[in-house]
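Trainee: Chains as they are written, first to last, in my numbering: chain A, 1 to 362; chain B, 1001 to 1345.
Treat the hints with care, since some could be wrong.
[Unchecked claim] Simulated restraints, written as ranges between beta carbons of each label pair:
no.	chain 1	residue 1	chain 2	residue 2	range
1	A	His76	B	Asn1146	48 to 54 Å
2	B	Asp1264	A	Ser208	20 to 26 Å
3	A	Gly230	B	His1009	23 to 29 Å
4	A	Glu281	B	Gly1336	37 to 43 Å
5	B	Ser1324	A	Ser208	38 to 44 Å
6	A	Asp128	B	Ser1324	51 to 57 Å
7	A	Ser56	B	Glu1135	28 to 34 Å
8	A	Asp290	B	Gln1154	29 to 35 Å
9	A	Asp290	B	Pro1310	22 to 28 Å
10	B	Met1295	A	Ser56	22 to 28 Å
11	B	Glu1203	A	Ser208	32 to 38 Å
[Claimed, not checked] Stretch-level coverage of chain A by chain B, calculated; a stretch enters the list once three of its residues show a Cβ under 8 Å from a Cβ in chain B:
no.	region
12	84-94
13	126-132
14	201-213
15	289-296
16	333-344
[Stated by the list, open to error] Restricting the straight-line Cα-Cα distance to at most 35 Å, the calculated cross-link-like pairs of lysine-lysine (DSBU-like) are:
no.	chain 1	residue 1	chain 2	residue 2
17	B	Lys1244	A	Lys289
18	B	Lys1297	B	Lys1244
19	B	Lys1297	A	Lys289
20	B	Lys1108	A	Lys72
21	B	Lys1124	B	Lys1108
If you are wondering where the hints come from, they were derived from the structure by calculation, not from laboratory data.
The beta carbon of each residue, even a glycine, is placed where N, CA and C say it ideally should be.
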Amino acid sequence: MTPQPRPNGEAGAPSATLQVRNLRVYFDTPGGVVRAVDDVSFSLEAGERFGLVGESGSGKTTLAMALLRMIKPPGHIESGQIWLDGQDVLALSGEEMRKMRLAGIALVAQGSMNSLNPVTRIRRQLLDGMKDHAAAGSGGADNGANAAKMSRREQDDYVHDLLARVGLEPQVAGMYPHELSGGMKQRVCIAMAISLRPQVIIADEPTSALDVVVQMQVMETLRRVQEEVGAAVILVGHDMGIMAQFVDRVGVMYAGKLVEVSPVREIFSRPLHPYARLLIECLPSLEEKDDLEGIPGLPPSQFERPTGCLFHPRCPHATADCATQEQMLDEVQPDRWVACHRLELIHNLQQETSVQESEAGH
Amino acid sequence: MSALLEVKHITKVFGGGLFSRNRTVALQDFSLTIASEPPTITAVVGESGSGKTTLARMLLGLETPTEGQVLYQGKDLQGLSTAEWHSFRRDVQVVFQDPFEVYNPFYKIDHVLKTPIAKFGLAKSQQEVRALIEEALQSVGLRPENTLGRRPHQLSGGQRQRIMVARALLMRPRLIVADEPVSMIDASLRATILGNLRQLNEEFGISVIYITHDLTTAYQISENIIVMYSGSVAEAGAIDLVVKQPQHPYTQLLIGSVPQPDPDRRWNTEATAASTAAAGASDGCKFFARCPHAMSKCAESTPPLFQTDPHRLAACYLHEESPSLPAEEMASVFVGRGADASPLA
Chain A
1 MTPQPRPNGE AGAPSATLQV RNLRVYFDTP GGVVRAVDDV SFSLEAGERF
51 GLVGESGSGK TTLAMALLRM IKPPGHIESG QIWLDGQDVL ALSGEEMRKM
101 RLAGIALVAQ GSMNSLNPVT RIRRQLLDGM KDHAAAGSGG ADNGANAAKM
151 SRREQDDYVH DLLARVGLEP QVAGMYPHEL SGGMKQRVCI AMAISLRPQV
201 IIADEPTSAL DVVVQMQVME TLRRVQEEVG AAVILVGHDM GIMAQFVDRV
251 GVMYAGKLVE VSPVREIFSR PLHPYARLLI ECLPSLEEKD DLEGIPGLPP
301 SQFERPTGCL FHPRCPHATA DCATQEQMLD EVQPDRWVAC HRLELIHNLQ
351 QETSVQESEA GH
Chain B
1001 MSALLEVKHI TKVFGGGLFS RNRTVALQDF SLTIASEPPT ITAVVGESGS
1051 GKTTLARMLL GLETPTEGQV LYQGKDLQGL STAEWHSFRR DVQVVFQDPF
1101 EVYNPFYKID HVLKTPIAKF GLAKSQQEVR ALIEEALQSV GLRPENTLGR
1151 RPHQLSGGQR QRIMVARALL MRPRLIVADE PVSMIDASLR ATILGNLRQL
1201 NEEFGISVIY ITHDLTTAYQ ISENIIVMYS GSVAEAGAID LVVKQPQHPY
1251 TQLLIGSVPQ PDPDRRWNTE ATAASTAAAG ASDGCKFFAR CPHAMSKCAE
1301 STPPLFQTDP HRLAACYLHE ESPSLPAEEM ASVFVGRGAD ASPLA
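Bound-form chain A, shown alone:
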């Protein structure tokens, strides 16, 4: 596949479409400062599909919104860097950033099918987004046609082409949102997201309100158009099943930090961070009936964060060191980044259990 991406941007592969370095998003609340995103670094290659998983409150949606610079007060980007295709996103003016959205980095929001305007036809909604964002200052103009300068005929062709890409009939252009099913609406939102051929599409739980059959269709649609347009995708969610089916790499977030970033096959066959392992082990399967056990304990409160490794109060392998020393994300194997003190030991432990299991099997 693509060359090895670097989650911690130091080496900074120049080919990376999106680079995030040491990003911190803080919320100033009466109860104190909440570190929603804390020192997160990763990068995306062109066309790559990256999954961001974690429990609710782990900061995955906040991270996605920060990439679009759409954090609302009392939240703010405390520090860090975001580079999109060589451009410093955090240095853009408000107007430049507005143009960058949709043209450079687009969002398919959670429940975005409910974000369509109920009294406007689909055609108009698709064109409005383009008109507003197409005349991007730097580089954006190459991304797509400028709807404002098109003839009616060209606009029609453009809209029909967009709809065809997401598998919708041309008649849909003349319809209102209430005439479409949830899956069709979500496809319209995907059509909107690709209308200006962005380099990055952020999909925040795009199918959480849809049935499994429709969910699969929407995800397959997203995959197809993403490959056609060549955009990278950040898929935010907590459904590990969809992650396994869709993404190339997975980043696991816990309490605002990335604790593991690994290729999808590796993380499912052998998760290294204890939290990632528990997350994958507690998944119910259609193959065999397991013991129904969740991850013990609860995620830390926003205000009382544990010292040291944030996961240590729930971690089955924690020692005294884990409670005092924080471990940074480190490349423990080629392409696998994990933040854990006790990795060596857990590693051997896993090998032992697998040996025992295979012995028991004989």
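Based on these hints, arrange chain B on the given structure of chain A.
Mentor: Quick look at chain B alone, frame taken from chain A:
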């Protein structure tokens, strides 16, 4: 074997009033018998609009059927006396989907546990109330000292949903209707709540109707499954049979679409071609328009339930060589608990 709750040929139609052109048949000629013994977990699975929540609401007496009857211990729900209604309200409990909406934010969570105790006179003294509540909380794995006295916003969604299960347990019901109890809960906490439901079934002998769109969790906790499509039963029977060897084309599509948490096992993308089509012809099989095996016969009449295995029924003409079974006898093919001698040979 007496029936605790019996659903007989119920149909529910929404709309269709004087000024409405739209009639929605949410449930059509549905029958189900829930025996009081042995306690079982039955999953009702289907997509949105398949009628599963309408069924739940009718089982709970929150909705009256347009046609047909819901019987509690042999008596129509609509004709129950006050005393019988009281007993029904205690025997049949519910766990709803959204653990955020069921709490009044102004009350401590003790309130939601104390109210049913007072209402049904379950305890004689404050100590007894306290003991009952603590016992129920411990049964679902919560520590009373960390839970009582707090307000809803101080608890996570998973904790709140477990309190709802504890509340249902307080009443020592014979049936719990759980309508999507884990769909709003993080994956890491889902397992715990499902474990609680299974434990209630095993330890306290409570039957559970588990309503969900998630086949995976249904497979994990249930013995039997009813797959609904557009208000009718598509397939029903022992869950191992239905999940491992689905026979109705809709069940096959549904199971092929489940995203497996394994990158090497792709979901089945071929089966989806026609699946965005609208609802089928009103006379025939509801799945007709989306079905890859549709025959002319399917558009003409609704297929009955064909008994393809001792423990499974499929409403599909592909299996018409098998004997058909009247809809009200559906529960007779279900396996009992502990029937671990898996029907899969």
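Trainee: Compare the structure with each hint and give your call.
Mentor: Hints, verified against the model:
no. : hint                               : result
1   : A:His76 <-> B:Asn1146: 48 to 54 Å  : 34 Å, violated
2   : B:Asp1264 <-> A:Ser208: 20 to 26 Å : 25 Å, holds
3   : A:Gly230 <-> B:His1009: 23 to 29 Å : 56 Å, violated
4   : A:Glu281 <-> B:Gly1336: 37 to 43 Å : 30 Å, violated
5   : B:Ser1324 <-> A:Ser208: 38 to 44 Å : 39 Å, holds
6   : A:Asp128 <-> B:Ser1324: 51 to 57 Å : 55 Å, holds
7   : A:Ser56 <-> B:Glu1135: 28 to 34 Å  : 30 Å, holds
8   : A:Asp290 <-> B:Gln1154: 29 to 35 Å : 31 Å, holds
9   : A:Asp290 <-> B:Pro1310: 22 to 28 Å : 27 Å, holds
10  : B:Met1295 <-> A:Ser56: 22 to 28 Å  : 47 Å, violated
11  : B:Glu1203 <-> A:Ser208: 32 to 38 Å : 33 Å, holds
12  : 84-94                              : violated (count 0)
13  : 126-132                            : violated (count 0)
14  : 201-213                            : holds (count 3)
15  : 289-296                            : holds (count 7)
16  : 333-344                            : violated (count 0)
17  : B:Lys1244 <-> A:Lys289             : 12 Å, holds
18  : B:Lys1297 <-> B:Lys1244            : 27 Å, holds
19  : B:Lys1297 <-> A:Lys289             : 38 Å, violated
20  : B:Lys1108 <-> A:Lys72              : 31 Å, holds
21  : B:Lys1124 <-> B:Lys1108            : 22 Å, holds
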